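Colleague: One-letter residues, chain by chain:
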Amino acid sequence: MKTMPTVAQLQKIWLLSDTVLYREASNFVRKFVREQHCNPLPSSQINGLLSIAEAARYDDLHQFVVHQRDRNWPPSKQDIKTFYTELEKILSHMQHKRLKDDFHLLTDTDGKSVSEIRNEEKALMALLAREFIQHLVAENGLLLAEAEDKRKQDWQQSKVGGKRDGNKYTKQ
Amino acid sequence: MNDEMKIIREVSYQAEVCYNDAVKLGEHAVHAIKANHRSQLTNLENIAESTFKTSDVFDYIKRQTARQADWRKPYSEQKDADSNLPFGERLRNYLEQGLKLRLKTIYDHLKIDDVTDADKQERRRIHLLLIRQIIRHMVVNYEYNVSLGNSKRREQ
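If you read the protein sequences in the order shown, they are chains A and B.
Once you know that position 59 of the first sequence is 59 in this note's numbering, the rest is easy, because the numbers rise by one and skip nothing.
Once you know that position 144 of the second sequence is 1144 in this note's numbering, the rest is easy, because the numbers rise by one and skip nothing.
Quick caveat, the hints were computed from the structure, so don't treat them as lab data.
The structure displayed is predicted, hence computed values, not measured ones.
The beta-carbon is built from N, C-alpha and C at its ideal position, and this holds for glycine as well.
Treat the hints loosely; a few may be bogus.
[Said to hold, decoys possible] Pairwise CB distance ranges (calculated):
no., chain 1, residue 1, chain 2, residue 2, range
1, B, K1034, A, R71, 41 to 47 Å
2, A, N27, B, M1001, 38 to 44 Å
3, B, M1001, A, D154, 39 to 45 Å
4, A, W73, B, I1047, 45 to 51 Å
5, A, H104, B, R1009, 45 to 51 Å
6, A, W73, B, D1119, 31 to 37 Å
7, A, R71, B, R1009, 53 to 59 Å
8, A, H93, B, N1036, 27 to 33 Å
9, B, D1113, A, G161, 57 to 63 Å
10, B, H1037, A, H96, 43 to 49 Å
11, A, Q78, B, D1113, 33 to 39 Å
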């Protein structure tokens, strides 16, 4: 049975999205690119992740992340593996610890069956993960565009440099 | 005066203080986006008006900055401290960081703490209300300058 979050839970998720998840998702992508020296995720990957986060249940999303993590990526795409490895850790930590201890999102569990608690946990995780991934996708896009601009700039500079060197050569 | 009226009054007052900044952002938008993609700013306005989260506005600006090269244009001719930043980055920085002092004034005047979730939600709502007003001012100024430019071209 599908569990619907309460209005109070939704409001709390919006608050967390603005005050915690937005910052953490941006930092996660920046750290991935700037400190781990990985490339931002290509648009095709990031759009796939966003579609699943927006449409699927949490189990499906988690399964997708694990599948991407465990795929046998070629050496040129090891950054993607690193990305999904880190993302899986974040989501698991969120589900098993932060949801209850930090975010205080789970309602009173008294009188609820284990499956009811689990359903509630997954419904909330779907919403939290969606928020986190939405922020992460926006930041990744920004870094991707930045990298593309830099690549174009470098290419133009090398073209100008090449022409200049060419002229020197003809003068000599 | 009830609490909601007080909030509206304080937000409107601070939006007035920010009016010149919104005008400058509107001018930067004209320089960067020109008249070709008016819907991008209308969409931004629609998102700001309809969302419950400030981060939805920032994410939209990030997505536009990533997708549209126009949003990555600086406006060095304006000669302001932040006009050498790309338009999208300048706008987002302003809405995210540049309003902190204005927001603090509102929170202090209305005695809204940062302790309980209810306080935090109210602070966030006020931030969003201020963002809406500034975006409205910016878009009006953008539309005005774009139409002014169009009518000048027609006269010539």
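Colleague: Of the hints stated earlier, which fail here?
Modeller: Violated hints (numbers, rising): 3, 4, 5, 6, 8 and 11; every other hint is consistent with the structure.
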